[in-house]
Amino acid sequence: MGDDAALIAAYQPHYIIKCDAENCDVTVFNDTPYDIAPDLALLLSTSGSTGSKKFVKISAAAIQHNTTAINAYLENTQKDRAITSLKLHYSYGLSVLNTILDVGGSIVLNNSGAFTAAFWEALNSYNVTCFSGVPHHFTTFEKLGLKWADYKGLRYVTQAGGKLSAALIKKQAKQCAESDIKFFVMYGQTEAAPRISYVPPTDVQDNADCIGRAINGGALHLLDDAGEVIADEGVAGELVYTGENIMSGYALSYADLGMLEDIKTLRTGDLALRNGAGYYKIVGRKSRFVKPLGVRINLDDIERHLHVQHNDVYVVGNDRTILIAHTHDADRQIDLGALAQKYNLPVAFFMCKALQSVPLLENGKTDYKELEKNISADKSKLARIIRFVKSFCIYVFCDFFAILCGMSNQWDSVEAVFKENFPRKEITLADSFQSLGGDSLRYVGTSLGLESLLGALPQNWHELSIAELENMRQAAHV
Amino acid sequence: MFNNNTVVDSLLMVKCLAIILVVANHAAISTGLHGGLNGLMLVSGIVMASFAFKDTTAHTLKAFQNFALRLAVPSFILALIWAVAYGQYNWSELFFFRNWLTKTRLVSFPIWYPQVMVQMLLAFAVLFWVGNITPKILANPKRVSMVAFVLALGACFLSYALWNSAYLHDKLPHLLAWNFIFGWLYWAFLIKDENNDKNRLILTVILCVTSYLVFIQTGAIFGAARFMWFTLFGLILIWVSALKMPFFMAHIFHLIGQATFYIFLWHYPAFGITLRLGSMFGVEHITAQPTVLLLSGVLYPVLLWVAVSALKRAYGRAKGEYQLAAS
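These protein sequences, in sequence, are chains Z and U.
Counted the way this note's numbering counts, the first sequence spans residues 211 to 688.
Counted the way this note's numbering counts, the second sequence spans residues 835 to 1161.
Hints are computed from structural coordinates only; laboratory data are not their basis.
Some hints could be false.
Below are the DSBU-like pairs computed for lysine-lysine, each with C-alpha atoms no more than 35 Å apart in a straight line [said to hold, decoys possible]:
{"hint": "1", "chain 1": "U", "residue 1": "K1005", "chain 2": "Z", "residue 2": "K362"}
{"hint": "2", "chain 1": "Z", "residue 1": "K357", "chain 2": "U", "residue 2": "K1146"}
{"hint": "3", "chain 1": "U", "residue 1": "K1146", "chain 2": "Z", "residue 2": "K635"}
{"hint": "4", "chain 1": "Z", "residue 1": "K392", "chain 2": "Z", "residue 2": "K362"}
{"hint": "5", "chain 1": "Z", "residue 1": "K629", "chain 2": "U", "residue 2": "K937"}
{"hint": "6", "chain 1": "U", "residue 1": "K1146", "chain 2": "Z", "residue 2": "K381"}
{"hint": "7", "chain 1": "Z", "residue 1": "K629", "chain 2": "U", "residue 2": "K970"}
{"hint": "8", "chain 1": "Z", "residue 1": "K380", "chain 2": "U", "residue 2": "K1146"}
{"hint": "9", "chain 1": "U", "residue 1": "K1146", "chain 2": "Z", "residue 2": "K384"}
What follows is a list of derived Cβ distance ranges for each label pair [claimed, not checked]:
{"hint": "10", "chain 1": "U", "residue 1": "W1073", "chain 2": "Z", "residue 2": "S463", "range": "57 to 63 Å"}
{"hint": "11", "chain 1": "U", "residue 1": "L1145", "chain 2": "Z", "residue 2": "R514", "range": "49 to 55 Å"}
{"hint": "12", "chain 1": "U", "residue 1": "L1145", "chain 2": "Z", "residue 2": "L639", "range": "22 to 28 Å"}
{"hint": "13", "chain 1": "Z", "residue 1": "R514", "chain 2": "U", "residue 2": "M1114", "range": "55 to 61 Å"}
{"hint": "14", "chain 1": "Z", "residue 1": "D245", "chain 2": "U", "residue 2": "L1145", "range": "21 to 27 Å"}
{"hint": "15", "chain 1": "U", "residue 1": "F929", "chain 2": "Z", "residue 2": "L639", "range": "55 to 61 Å"}
{"hint": "16", "chain 1": "U", "residue 1": "L961", "chain 2": "Z", "residue 2": "R477", "range": "40 to 46 Å"}
Note that beta-carbon positions come from the ideal geometry of N, C-alpha and C, so glycine has one too.
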């Protein structure tokens, strides 16, 4: 409700529609007209939203570009029929609707999830030709033994919305190929309306760990830390997309709806490399998110929030400490209590540090890596012990109820799950459950921990390295 | 095939049902409840085969050693604490061979299970080392597992023919090894090979026939109950890959599955606490009820496990912060 109020205050909507199972109540909230750009077609929340009022502004032209490009490689025609397997307010789900309608095809609207018998009965009885799923769908199908051969009408299956393990992609693609069904692996972001790249079905077996090549009308390249284009194969850098389907900026309030930015380049925030076949492979994430006590916090959000009152404030952190570095005079204190309350975290997680100057990169941007070194600046031994005891008590209390109630987000990484289940082992990213000597006393805890991070686990999870599992987790978060 | 509920793996389900059966039996809910630990051996056998049979025999031996230590060390510490607390030192119990001498025990948990498992793992370790068995079982999982199973059954029948071990409640490694090795058969037929109806049917026949022959035909102690429960657990594992249930119920399975060893070690003390609380508050007639004992025998150890897990996790996280702050 708090989020709704903030959203309403930011966007001052003309109408508020509240629905329950049977009725919808429409209220006129604001009758003052405000400026909305004529080509602004859609506002979508980003998947990494932390409950903020931030929306991606997407123009009708961007949607049309993307829809045409998707239809080019999926080869959709008016004979095709999709089914709603994803929410329509999710950019991937909406693109399924857009593409199928753009070619004059049809879509089966259904309220059953893809793990219900009713869904698959509808898929068969309405002669659906295409199914679209996210990694969770495919890992669960694998566990439940779904056979694509049972669904004769399908022409193709698409997978996007996060990284599926290469082994499972190969298996699913092979199974599809045996039934003459094309299996597309795709990648995108809401900011690209949403499709960016795809792997053609003929190349999936050899490039199962890749996100493929750019869609028609788009281009991909990689940038190193200095912002230079990486030309070599196998060198990781930030994945950058150029195309006509990119968003028109972000909106934080109704005041942002009147103007569309002309953005042609999107820095995805994903780290990737290019293989010999020219396909891109995601290897990590350039992230400004931390997760203290399992609460996902965007450090940029905090920074923006503080910038309202303080100009020279820079926020860095990790899952244990959020450091607010500033160059203020001593009398301009930052209210850590209010900040802790706003982000639902104990105040012990925040610390302030006054700096003489802010470290900068050569290009003039803030050097956050250098700033992170200040997190360890709390030198007093007593203060460290007090922080330790305080944090320990908070952790025990929170963890007890989190474990007892089965709350998700108990771990922040795959490595943390392994560290907890193999407390006396030296763990490296190359280790797997099997190589660490996992046994029946450890497998339940480890598998459940991993399930809470990744969703359904692949059959061979115990053979996969921590690095591979971590890649899957990060892909799922993207 | 599909619904919207949480999926619980049948291995986890059987593990939970087996430990609950152990506690129910000890709470005297009814007669005919023996067989829980046989079920746990089966689960351990499947998991051991899945994770320990890899690459070389050295890897398998390491896995056997790790598992034996994970069972033996806490059992030894508890037995030692018990011995110190009561001033009764029984070396055969402390050093894991009392099951060969008597069916009685001093400690407050069924220590025969870790004793049998440790002895069994020792014997397997020797056999794997001498015969360099891991590459062979990986090359031909069905054949080698079947040979191991037949040998284990042979040892069992021979023992029953030559020696009436009822006075030890049959809690001897060579009488129970086939329970564990049946897990290897499960691994060979349904995990390494295709999980199809033919393999399931073969395993079902092997399970039912051997279970009947060993538990019923030999006159094994508590044979009827063990036959019923062991066969049921085996059938669930063979025919049900996972079960869907509401999150709340699935989470209970998750908690019990993770706290299984705690329940095994602490359910008798939990009974004691419940009975003492009953006498303190004058409600013995309630707390002495087998159902109440069963609930407490599961609930207290689960809460203990949750508390220990929270402490361990919090310590690790707080320690990380401490190290970071000091760096």
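Status of the hints after comparison with the structure:
A distance of roughly 55 Å separates the Cα atoms of U/K1005 and Z/K362; the hinted pair therefore is violated under the 35 Å criterion. A C-alpha spacing of about 42 Å is found between Z/K357 and U/K1146, which places the hinted pair above 35 Å, so the restraint is violated. Pair hint U/K1146 plus Z/K635 holds up; C-alpha atoms about 14 Å apart against a cutoff of 35 Å. Taking the CA atoms of Z/K392 and Z/K362, the gap is near 12 Å; set against the 35 Å cutoff, the hint holds.
Proximity of Z/K629 to U/K937 is assessed by CA-CA distance (about 39 Å); at most 35 Å being required, the pair is judged violated. Proposed proximity of U/K1146 and Z/K381 is contradicted: the alpha carbons are some 38 Å apart, above 35 Å. The straight-line distance between the Cα atoms of Z/K629 and U/K970 is roughly 33 Å, inside the 35 Å bound, and the hint therefore holds. At roughly 39 Å between alpha-carbon atoms, Z/K380 and U/K1146 are farther apart than 35 Å, so this suggested pair is violated.
Taking the CA atoms of U/K1146 and Z/K384, the gap is about 44 Å. The hint is violated against a cut of 35 Å. The given range of 57 to 63 Å is respected by U/W1073 and Z/S463, whose C-beta atoms sit roughly 58 Å from each other. For U/L1145 and Z/R514, the Cβ-Cβ distance of about 37 Å falls outside the hinted range of 49 to 55 Å, so the restraint is violated. Checking the proposed 22 to 28 Å range against U/L1145 and Z/L639 shows it holds: the Cβ atoms sit about 27 Å from each other.
For Z/R514 paired with U/M1114, a C-beta distance near 58 Å keeps the hint of 55 to 61 Å intact. Look at Z/D245 against U/L1145: about 57 Å separates their beta carbons, and that is not inside 21 to 27 Å. Checking the proposed 55 to 61 Å range against U/F929 and Z/L639 shows it is violated: the Cβ atoms sit about 40 Å from each other. Hint check: U/L961 to Z/R477, Cβ distance near 59 Å, so the stated range 40 to 46 Å is violated.
Taken one by one, the earlier hints fail for this structure at numbers 1, 2, 5, 6, 8, 9, 11, 14, 15, 16, listed in ascending order.
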